[in-house]
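Colleague: For reference, the chains in residue letters:
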Amino acid sequence: MRPVYALSGGVSKFSKARPDKTFQAVVKEAYDYAISDIGLDFPTFTSIVDGSVASYFSDHFSRQLMAGIMAQDYLGLCPKPSHRVEGGGATGGLCFQEAWKAIASGHMDVCIAYGFETMSHVETWKGNEFIALASDVSWDYPVGGFYSGYYAMMVTRHMKEYGTTVEQMAHVSVKNHINAYYNPYAQKRNRYSVDDVRNAPMVAWPLTRPMCSPIGDGAAAAIICSEDFARKAQPQYIAEVAACCLASGEDREAEEETTLSKLAKKAYEKAGIGPEDLSLAEVHDATAFGELSSTEQIGICPIGEGGRFAEAGHTTLGGKIPVNVSGGLESQGHPVGATGVAHLVEITWQLRGEAGARQIDRAKVGYACNFGGFGNNVIATVLQKEAK
Amino acid sequence: MSSVMAAKCTSCGTVNYPRRPICSNCRGRSFESMPIEGEGKVLTYTDVYALAIDYETRYLRLAIVELDSGLRVTGHLLDETPELGRRVKTTIGVVRKQGEQEILGLQFVPA
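Those sequence lines, one after another, are chains A and B. The number in the working numbering is simply the position in the first sequence, starting from 1, with 57 added. The number in the working numbering is simply the position in the second sequence, starting from 1, with 417 added.
These aren't lab readings, by the way, just hints derived from the structure by calculation. Some hints could be false.
Unchecked claim - Here are the simulated DSS-like pairs of lysine-lysine, each with C-alpha atoms no more than 27 Å apart in a straight line:
1. A:78 with A:158
2. B:506 with A:217
3. A:73 with A:183
4. A:289 with A:137
5. B:514 with A:217
6. B:458 with B:506
7. B:506 with A:183
8. A:217 with A:319
9. A:421 with A:322
To be verified - Simulated restraints, written as ranges between beta carbons of each label pair:
10. B:422 with A:361: 33 to 41 Å
11. B:450 with A:136: 52 to 60 Å
12. A:329 with B:437: 35 to 43 Å
13. A:413 with B:517: 28 to 36 Å
14. A:59 with B:483: 45 to 53 Å
15. A:77 with B:447: 55 to 63 Å
16. B:483 with A:117: 44 to 52 Å
17. B:456 with A:361: 26 to 34 Å
18. B:506 with A:359: 33 to 41 Å
19. A:137 with B:470: 36 to 44 Å
Every residue, glycine too, gets a C-beta built ideally from N, C-alpha and C.
With the hints as constraints, model all of the structure from the sequences given.
Modeller: In structure tokens:
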């Protein structure tokens, strides 16, 4: 395995619906952004890139099979190799990892990973139902739980065990919406107070609407490459993919070692760092509790302390370790297939120093944690900027 | 009366639910069917308000219950004043209607 480098990334505008464009054209927005960041034009990049990986979660949303190849054709990349990957919520993370494998193995020198989802073609309850099909359709799904319900049951337990409060979760939501306010590509750029979040319509007690990620459309793309190409194409900014680990599992309770926490240890070991070295983390806040729990599981704070840690402001921009400066799934949006790629795009922007009003001072190391189900498919990726 | 069945491993006694062909504990391959029934305590619960359009209820009270056997199961909680840790017992009832079709599943009532 040879080292892999993250070159650039781009996203489309994430929004409730993109009736203006087909999914292929939304992918191209993200794609063009990623290319323009390395100063290449479309034809030049097309001649250089060796292949791509496409990701989207559900065929049901777009009512289109082989949507990955259709995007590939639209982007003028045929006949270069491409395939689609899927892993529930971890779909985007898997997409990035597939591209990483292609470079690490020497199979490709330059690869582009693009993920997308167009969820607006169906009503929200139908979208929730499509997503709920990712739970066991023989056992869990018939009982009527949507994912928000499963999350809510984890919340209730966490509140009982550790004294976590609804207000603490509201803090996570408020913080993420403020971050999204500074992210022009985010879906929900609203200013909320803790009371606004608490008094919003209930989704699954105690989770209210602003604590849950919205249904939406969007795409993200990341270009990764070999060391030679990185040094030639962009010598002023070199960032290595220091770890890119995947695991599967069935998680039970927070106090036990989980797939998330075990994988985090592995990723830190691979990258030769610890959680204290992180400049930022992008985690899977499908609900506010996802973020709260992830900060515990990846070692940013002790188990059980996630709520108090967030309430104290340690995860805000300018806090100890900023979490989800992009706005996260709750506010940047969660077009499922794009989400995991968008994590890496945000970290890339931060390491490049191009994140605008939400730029973290001297960002060096970023950790992305993307998962499907509840730790059934977990992917941890670390990007580390080379010191000059 | 119908029931929801789990599979008890004949070599190590572990109750596998949902059923699977290989025991999650000892990798054994022989099982005997065991109905999921009896008493336990509410491990966690929630009221889900964002429901599919064909539900005729404002919200659905879901719970995960730890049965005395140690098995954890998901179902509807039929309790006006739910509390974590409360003793409940299992019943079987309609958990969803799809048109004319009724889907039976686990429900819990106070013990």
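Colleague: Each hint: holds or not?
Modeller: Evaluation of the provided hints:
1. A:78 with A:158: violated (31 Å)
2. B:506 with A:217: Roughly 22 Å between the alpha carbons, so the hint for residue 506 of chain B and residue 217 of chain A holds.
3. A:73 with A:183: Given that 27 Å is the threshold and the Cα spacing comes to 15 Å, the pair holds.
4. A:289 with A:137: holds (23 Å)
5. B:514 with A:217: violated (33 Å)
6. B:458 with B:506: Holds, at about 8 Å.
7. B:506 with A:183: violated (33 Å)
8. A:217 with A:319: holds (24 Å)
9. A:421 with A:322: Distance of about 19 Å is within 27 Å: holds.
10. B:422 with A:361: 33 to 41 Å: 36 Å Cβ-Cβ, so the 33 to 41 Å window holds.
11. B:450 with A:136: 52 to 60 Å: The hinted range 52 to 60 Å holds for residue 450 of chain B and residue 136 of chain A, with Cβ atoms some 53 Å apart.
12. A:329 with B:437: 35 to 43 Å: holds (39 Å)
13. A:413 with B:517: 28 to 36 Å: At roughly 56 Å between Cβ atoms, residue 517 of chain B and residue 413 of chain A fall outside 28 to 36 Å, so the hint is violated.
14. A:59 with B:483: 45 to 53 Å: With Cβ atoms ~49 Å apart, the hint holds.
15. A:77 with B:447: 55 to 63 Å: Given range 55 to 63 Å: holds, Cβ gap about 59 Å.
16. B:483 with A:117: 44 to 52 Å: Violated - the Cβ-Cβ distance for residue 483 of chain B and residue 117 of chain A, about 34 Å, lies outside 44 to 52 Å.
17. B:456 with A:361: 26 to 34 Å: At roughly 29 Å between Cβ atoms, residue 361 of chain A and residue 456 of chain B fall inside 26 to 34 Å, so the hint holds.
18. B:506 with A:359: 33 to 41 Å: holds (37 Å)
19. A:137 with B:470: 36 to 44 Å: With Cβ atoms ~43 Å apart, the hint holds.
Consistency note: the structure conflicts with the earlier hints numbered 1, 5, 7, 13 and 16.
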